[in-house]
Amino acid sequence: MIRDIIKKEILDNITSPKFVFTFLLCTILILLSVYTGVANYSAEKKEHTASVALNRKNMESRRDYQSLASGIKINKPPQVLGTIVTGIEEAVGRVAPVNIASDPNLIESKYESNPVFAVFGALDLMFIVKIVLSLFAILFTYDAIVGEKERGTLKLALSNSVPRDKFILGKAIGGYISLLLPLLIPVLLSLIILLLAPDLSLGRAEWSRLFFIFCMFFLYLSVFFSLGLFVSTRTARSSTSFLVLLFIWVVFVMVVPKVAVIIASRIKPVPSIHEITSKKDAFLRQVSAEVNKGLPEWIQKNARNFPRDQKAAQEMIMKYVKEIQDEATTRIDANNAALEKDYQLKKKEQQNLAVNLSRISPASALTFGSMTLARTGVDEYDRFLSSVRTYKPIYTKWINSKMGTTISVLTGGEQVRIDDMPLHHLEPENLSSSLYKALPDFSLMIGMIIVFFAGACVSFLRYDVR
Amino acid sequence: MIEARNLSKRYEDNVLALDDLNLRVNPGEIYCLLGANGAGKTTTINIFLAFIEPTSGQALLNDIDAARNPLQAKEYVAYVSENVMLYGNFTARQNLDFFARLGGKRNLRKDDYYQAMQKVGLPEKAFEQRVREFSKGMRQKLGIAIAIIKDAPALLLDEPTSGLDPKAGAEFLETLTELRSAGKAILMSTHDIFRSKDVADRVGIMKEGRKVMERTGDELKHENLQHLYLDYMRGSVNPETEVKAND
Chain A
33 MIRDIIKKEI LDNITSPKFV FTFLLCTILI LLSVYTGVAN YSAEKKEHTA SVALNRKNME
93 SRRDYQSLAS GIKINKPPQV LGTIVTGIEE AVGRVAPVNI ASDPNLIESK YESNPVFAVF
153 GALDLMFIVK IVLSLFAILF TYDAIVGEKE RGTLKLALSN SVPRDKFILG KAIGGYISLL
213 LPLLIPVLLS LIILLLAPDL SLGRAEWSRL FFIFCMFFLY LSVFFSLGLF VSTRTARSST
273 SFLVLLFIWV VFVMVVPKVA VIIASRIKPV PSIHEITSKK DAFLRQVSAE VNKGLPEWIQ
333 KNARNFPRDQ KAAQEMIMKY VKEIQDEATT RIDANNAALE KDYQLKKKEQ QNLAVNLSRI
393 SPASALTFGS MTLARTGVDE YDRFLSSVRT YKPIYTKWIN SKMGTTISVL TGGEQVRIDD
453 MPLHHLEPEN LSSSLYKALP DFSLMIGMII VFFAGACVSF LRYDVR
Chain B
10 MIEARNLSKR YEDNVLALDD LNLRVNPGEI YCLLGANGAG KTTTINIFLA FIEPTSGQAL
70 LNDIDAARNP LQAKEYVAYV SENVMLYGNF TARQNLDFFA RLGGKRNLRK DDYYQAMQKV
130 GLPEKAFEQR VREFSKGMRQ KLGIAIAIIK DAPALLLDEP TSGLDPKAGA EFLETLTELR
190 SAGKAILMST HDIFRSKDVA DRVGIMKEGR KVMERTGDEL KHENLQHLYL DYMRGSVNPE
250 TEVKAND
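Going line by line, the protein sequences match chains A and B. Here the numbering used here is used: the first residue of the first sequence is 33, the next is one more, and so on. Here the numbering used here is used: the first residue of the second sequence is 10, the next is one more, and so on.
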């Protein structure tokens with residue numbers, strides 16, 4: 033019997049105009065998004081390779097190490113799964129300058145170079161699932177039960193010895209298959225594009241990630257599907273059901289994520305980056321003044337002790353300069369690190385609160401979960417930045433050592449050699465760590481599906497079919 | 010067999026929709042329930058279909074209490090509603106196939122469906138036509154075909170002739186007569202006094218949840234059902250004190 037209901041539901045849906053409309057729109061949007069994602073990734077990959085080569089060339093062409101102290105650039109490599117889930121990649125910047133004076137941060141985002149992108153955002157597969165397909169899930173379920181009641185078919189069906197639990201289960205399975213059918217062909221075509229795209233090299237880990245991202249997409253659609261089923265068993269008219277679902281959709285997808293951020297910023301305020309920067313600058317100025325004042329004083333104080341040999345005198349000065357340079361750098365670094373640590377801690381607390389609050393919405397759970405799995409989210413940004421910040425003192429130590437040995441008051445600098453320069457390296461996050469981070473999002477969505485579907489079943493068992 | 014024993018229904022808002030109803034429809038009998046809107050006709054049918062629980066009394070289908078064993082009871086009944094809408098995207102045959110399967114009829118052939126549709130007077134070209142293109146009369150006929158194909162011993166018809174043109178109405182009565190000849194027990198709620206008189210073996214008039222009168226088809230040959238009905242509706246005649254279900 034349940035097979036008959038499933039079959040009927042699929043046949044009823046696929047012969048309806050909404051199915052054709054959904055299929056056409058899904059095919060166009062999904063293929064367009066994946067194609068655009070692949071093209072963007074190829075372009076970014078080329079740009080990244082060119083930038084890395086250019087940076088190295090620039091460094092090698094410097095005439096002295098002093099100029100290297102003003103900074104080098106670490107380029108953030110594009111993530112291959114950004115083709116599916118762009119995440120915050122386009123918003124946060126692609127380059128992290130590393131220099132002695134300031135803490136590294138990502139700059140030169142795509143939005144900086146072309147602000148109009150910030151207005152419209154990316155048309156990635158995650159966006160299509162989050163916005164368009166969730167609406168389709170509602171479109172397929174808002175009249176699942178109440179529509180049958182309006183048509184009189186529910187009464188006719190239940191005038192037979194059909195258990196209600198089997199009826200709703202059959203409708204749910206059939207309806208869900210009907211929703212997935214229009215996605216099947218475009219998704220398969222998308223996978224073929226990912227497989228054949230020349231610049232994309234998806235390894236086993238990436239395919240596994242992709243599998244879990246698709247699992248998350250399907251769970252997200254199931255949340256709205258079961259919600260639609262639930263609301264359709266709680267309303268007496270299909271128009272009411274549609275309005276209620278549309279309202280919930282707006283709250284879940286549009287309102288909750290934004291309100292969560294506002295509430296988090298009120299509960300856990302974070303000082304602005306300008307405040308932090310001005311505090312750092314003030315300390316830098318203070319230390320610089322002390323150093324500037326200290327060097328002439330030291331020379332004056334030790335003038336009598338200077339050896340007659342000019343070279344020996346120069347070595348003595350260089351030794352002192354290195355000492356005060358090291359001391360100043362240590363103090364600045366310590367102060368900056370303390371300020372930065374405090375700032376990052378507060379920012380992290382605010383971020384965590386915003387994320388956790390917004391997880392009431394399945395749209396947020398999808399966003400955070402899929403970004404984590406695609407490595408295009410806040411976590412990856414933090415990891416990258418943290419790795420650059422870890423790298424900074426290593427680089428500073430290296431450049432100081434170079435400046436200390438090559439500073440030449442009388443003869444000027446020498447050609448820069450970067451063969452022994454320590455390189456920045458970031459180990460990619462492994463799949464199990466990503467899955468562990470995405471676990472709350474998976475759990476929340478599964479929880480919502482269970483709650484909504486159980487609600488739909490319980491409501492339908494008591495549903496007034498008259 | 011369809012039987013109501015002291016059947017009452019009081020809704021949560023304290024409205025008494027059905028008050029101590031007793032009736033019995035034997036195999037090969039047509040029982041017409043007449044009454045104005047809100048008289049309790051549809052409530053009675055809804056209780057037999059277990060869509061509403063009775064406050065007291067029993068609704069029995071083939072001696073099975075519909076409230077206690079709804080799934081078992083429904084095996085013995087087919088239902089036709091006032092406004093059969095069905096699945097518009099399906100053809101007539103697909104609709105028939107789906108509801109036949111729900112009614113436990115599997116392994117039916119295309120010809121079996123065509124026969125059922127022919128029996129209710131659906132034109133052959135409509136068999137594979139989408140139901141959304143059907144007129145109300147055609148949908149109603151298809152609804153009856155669905156009830157026929159289930160081949161249940163009892164039929165519950167809730168104002169099945171409402172909105173049908175005279176020709177379709179007459180064809181429908183023919184079908185009912187055939188079903189009676191096939192031994193079906195038929196309970197039909199209706200406003201249609203004339204057709205009731207033509208086809209019914211027994212007629213009951215309901216008012217404000219109570220059955221106020223019951224006559225057999227033979228008794229009605231000597232009485233004017235229209236006058237009786239109007240008299241009871243106006244209240245110019247007192248309800249019969251005890252209207253018993255026939256044995």
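Hints are supplied without guarantee of correctness; some may be wrong.
Distance condition first, Cα-Cα at most 35 angstroms in a straight line; then the derived DSBU-like pairs of lysine-lysine [what the hints assert, rightly or not]:
1. Lys206(B) <-> Lys39(A)
2. Lys39(A) <-> Lys128(B)
3. Lys128(B) <-> Lys312(A)
4. Lys145(B) <-> Lys39(A)
5. Lys50(A) <-> Lys206(B)
6. Lys187(A) <-> Lys119(B)
7. Lys39(A) <-> Lys119(B)
8. Lys145(B) <-> Lys198(A)
9. Lys134(B) <-> Lys216(B)
10. Lys187(A) <-> Lys128(B)
11. Lys351(A) <-> Lys77(A)
Hints were generated in silico from the structure; no laboratory data involved.
_List of violated hint numbers, smallest to largest_ = Failing hints, ascending: 1, 3, 5, 9 and 11.
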